[in-house]
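Sequential numbering from 1 applies to the sequence shown in full-length UniProt numbering.
No lab work stands behind these hints, which were simulated from the structure alone.
The reader is advised that the hints may include incorrect statements.
Cross-link-like lysine-lysine pairs, in silico, BS3-like; alpha carbons within 27 Å at most [claimed, not checked]:
| id | residue 1 | residue 2 |
| --- | --- | --- |
| 1 | K74 | K30 |
| 2 | K50 | K29 |
| 3 | K94 | K74 |
| 4 | K98 | K82 |
| 5 | K74 | K50 |
| 6 | K30 | K50 |
| 7 | K30 | K89 |
| 8 | K30 | K82 |
| 9 | K50 | K94 |
| 10 | K94 | K30 |
| 11 | K29 | K82 |
| 12 | K30 | K3 |
| 13 | K50 | K89 |
Label pairs and their computed distance ranges (CB to CB) [to be verified]:
| id | residue 1 | residue 2 | range |
| --- | --- | --- | --- |
| 14 | H13 | D64 | 37 to 45 Å |
| 15 | E145 | G23 | 48 to 56 Å |
| 16 | L144 | E46 | 17 to 25 Å |
Think of the CB as a built atom: it goes at the ideal place given N, C-alpha and C, for glycine as much as any other residue.
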Amino acid sequence: MTKMYFTIVGTGHYYGQEFLEPGMRVILKKDSHNEYDNEAIMVNLEGLGKIGYVANSPYTVQGDSLSAGRLYDKIGDVAFGKIMYVLPKGVLCKLDKKSLRKRKEERLSYKEYDVDDYDEKECDAFDTEDCDSYETVSDTIDFLEGLSCKLRGTKKDRRYR
């Protein structure tokens with residue numbers, strides 16, 4: 001796997017970058033509430049908090065580093081990096097490989113599955129015989145509970161009230 005780099009920008013709005021040195025560890029956090037950029041990634045330093053953001057513009061990205069938009073889907077909500085170089089127009093960092101999402105190992109809980117994303121060719125949880133039509137709400141609930149159980153890999157255990 002190739003090394004992934006990112007650039008920290010905006011340090012002048014916080015503590016500056018004079019104190020940053022190669023080898024220092026930084027913490028990346030997705031900033032989903034950022035009103036200017038929906039793919040913003042905040043950069044924090046332990047003890048100080050926010051020191052800047054991952055560059056997300058071709059004009060601010062330094063060298064071979066990835067923009068925040070390209071990095072956003074590759075990491076979880078929190079990731080780690082190490083400062084490599086402190087440059088006049090940004091701080092170049094290397095992403096910690098352990099911060100990368102492991103898509104094959106990640107498992108969503110059954111509540112996070114979007115039923116619309118599946119069809120009978122991709123998922124064996126659908127029995128097409130059972131889903132032609134439903135006459136009552138109870139039939140629909142039975143089908144959805146059965147589907148949920150199949151996605152979870154458990155047996156159907158309906159409790160009546």
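Hint-by-hint comparison with the structure:
1. K74 - K30: Roughly 11 Å separates the two Cα atoms, so the pair holds.
2. K50 - K29: 10 Å, holds
3. K94 - K74: Status holds; Cα separation ~14 Å.
4. K98 - K82: 12 Å, holds
5. K74 - K50: 21 Å, holds
6. K30 - K50: 12 Å, holds
7. K30 - K89: 22 Å, holds
8. K30 - K82: With a Cα-Cα distance of about 17 Å, the restraint between K30 and K82 holds, given a limit of 27 Å.
9. K50 - K94: Distance of about 18 Å is within 27 Å: holds.
10. K94 - K30: Between K94 and K30 the Cα gap is close to 17 Å, so the pair holds against 27 Å.
11. K29 - K82: Holds, because 14 Å separates the two Cα atoms, which is no more than 27 Å.
12. K30 - K3: 20 Å, holds
13. K50 - K89: 18 Å, holds
14. H13 - D64: 37 to 45 Å: 25 Å, violated
15. E145 - G23: 48 to 56 Å: 54 Å, holds
16. L144 - E46: 17 to 25 Å: 45 Å, violated
Violated hints, listed in ascending order, are 14, 16; each of the other numbered hints is respected by the structure.
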